[in-house]
Structures are given as C-alpha cells and as structure tokens.
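*Asks:* Chains as they are written, first to last, in our numbering: chain A, -15 to 80; chain B, 62 to 218.
Be a bit skeptical, because a hint or two may be false.
To be verified - A short list of chain B residues far from chain A (calculated; beta carbon distances all over 10 Å):
| # | residue |
| --- | --- |
| 1 | E81 |
| 2 | S91 |
| 3 | E105 |
| 4 | R111 |
| 5 | H114 |
| 6 | G142 |
| 7 | R144 |
| 8 | R161 |
| 9 | G185 |
| 10 | P190 |
| 11 | L210 |
| 12 | S212 |
| 13 | A218 |
As the list claims (entries may be wrong) - A short, non-exhaustive set of chain B residues, derived as facing chain A with CB atoms under 10 Å:
| # | residue |
| --- | --- |
| 14 | V131 |
| 15 | I139 |
| 16 | T151 |
If you're looking for bench data, these hints aren't it; they were derived computationally from the structure. On a predicted model such as this, the values are computed, not experimentally measured, just so you know. We put the beta carbon where it would ideally sit given N, CA and C, even for glycine.
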Amino acid sequence: MESAHSEGEKKEQEKKLKITVVYNGGTLEETVSPNASVESLFAKAVHHFEVQGNRANLGLYLPGSQTPLDLNASFAAQGIHTDTTLSLNPRRVGNG
Amino acid sequence: MSAGRASRLVVPANVRRETERHFRECGKGSRECLTFWTSSGTGERLRIARVIHPPHASTAVTTDLTGADVCALNMDLIAHGDRVVVQLHTHPGRAFHSQRDDELALVQTNGFLSIVVPRFAGAGILGLPECYVAEFRNGSWDAIEGDALESLIQWEA
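Produce the entire structure from the sequences given, and follow the hints as far as they go.
*Replies:* Here it is in structure tokens:
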C-alpha cells in the first residue's frame, strides 16, 4: 500500500514542470503543476526578485514571444513544457 | 533624498565614450536615446561592465522599448552574468524625471539608478553636467543631489 502511494506520488511529481524565471540577471527555479495558473508563479517571482512599483506593467514572457503569458490561464493551456525559461519583465519600458 | 544609499559606480572610459557615441549617433541631436549600464559586482562599489544600447523607438520627447525586447535583454544578461544597474536617457531640454520615467522604468528594485541627460547629451556625460539622477527606493524615485551626486561616480581616464 505504501509503495503504491509512493508510486503515485512519484508519477505526480513527474508530471510537474520545472520552470526557471529570470529577472535582470537573477534566476528563480520553481516546480509547478501544469494545471496551475501562471499567476501563482508570477506572484512568487515578483516577491522573490523584490520588484516594487508598477506591477501592472509586468508580465512573464517566453523568449521570442511578442506578448506575455496570460496570468489567468494554466501552464498546460499555454503550451509551457518542463525546463522552460520565462522572463519576468515590463510589458513596456518608456521614457520621456 | 537618498544620500549614502546608492552604490558608488566606477565607470571605465570606454563605457562613457560608447554611451556618448550612442546618444550622438542614435539621437542625432533631435531624438531621445536610451542606454543601460550593467555590472556583475555587488556591494557599495560597482564597476560598470558594459553599456547596452537596446533596440528602441524614439521621438524628440520619448523612448519606448517593447516587452519582447526587454525579454531578449533579460536573456542576454543571464548569458553575460551581469545585471542592469543604471538606465540613462536623454532629454531635448533640461533634465528631470517625468511620470513615464517613474512608471515605465526597466527595473524597479531598490538601488536602481536612473540618469537623465539634458539637451540630447550635447555636453557629454563626464561629470554628469546638469544631469538629473534618481534612485529607486521603496516604490518611489528619490533625487540624488549635492555631495551624494558628486561622489556617486568615479570616472576612469
């Protein structure tokens, strides 16, 4: 029974995604459920990198993508696989 | 005012010259321009490693960088093992921090510096002539002035 339980846990763990988030030269490695919303990782990254100020202007980007991930959708729904690196960065940088 | 809180910067001559060249060649005396200084150091004395001139849109009074471009910049920083510690941009007239400068800065973590260079950097940046310098601290930008500004940067010959 115990080994069946461990086997289940192992399978569950194998389903998890290893995601690296980068922000201004720093990295955060996290393991997430494919069905979790991206918002949870976003919030964790903002806290980890101690980003303050204009949070509404921040997004999580896949390299090469023109638009940030939908924070309300899951990793699986947006085709995010394990060992993916995401960038936490402003949606727009402006001066004037 | 944030005297004594910002890290002191050591700026090599090649970084200064390259920054001025970008302002001159990209801005052409009629458009704003944006550059970043990076460092791989920590502590109270940071040596600037390189200047980055990102692809950006500009007018006489604005610069804009897309999220995709910033994403590419973040990946470049990881590859180089450094981070952006200062953003610099030019103004057509006097230097100050606008609302856009406050709200749309590249980095919003404690200690990040923003330097605004007046008159399209026509006078260069050595000694920060009439420049406005601000430090991000606890969610807002504090001007660095007086003695704190004087001692902020060590310019290498």
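*Asks:* Take the hints in turn and mark each one as holding or not.
*Replies:* Hint by hint, here is what the structure shows:
1. E81: Check passes; 18 Å lies beyond 10 Å.
2. S91: Consistent with the label, S91/B stays out of reach of chain A, its closest Cβ about 15 Å off (over 10 Å).
3. E105: holds (18 Å)
4. R111: holds (12 Å)
5. H114: Nearest chain A Cβ is 13 Å from H114/B, so the label holds.
6. G142: violated (7 Å)
7. R144: Non-interface label fails for R144/B: nearest chain A Cβ at 3 Å, not farther than 10 Å.
8. R161: Given that some Cβ of chain A is not farther than 10 Å from that of R161/B, nearest at about 4 Å, it is violated.
9. G185: holds (19 Å)
10. P190: Consistent with the label, P190/B stays out of reach of chain A, its closest Cβ about 19 Å off (over 10 Å).
11. L210: holds (20 Å)
12. S212: Non-interface label on S212/B holds, nearest chain A Cβ at 25 Å vs cutoff 10 Å.
13. A218: holds (28 Å)
14. V131: holds (4 Å)
15. I139: holds (5 Å)
16. T151: holds (9 Å)
In the structure shown, a violation is registered for the earlier hints numbered 6, 7, 8, in ascending order.
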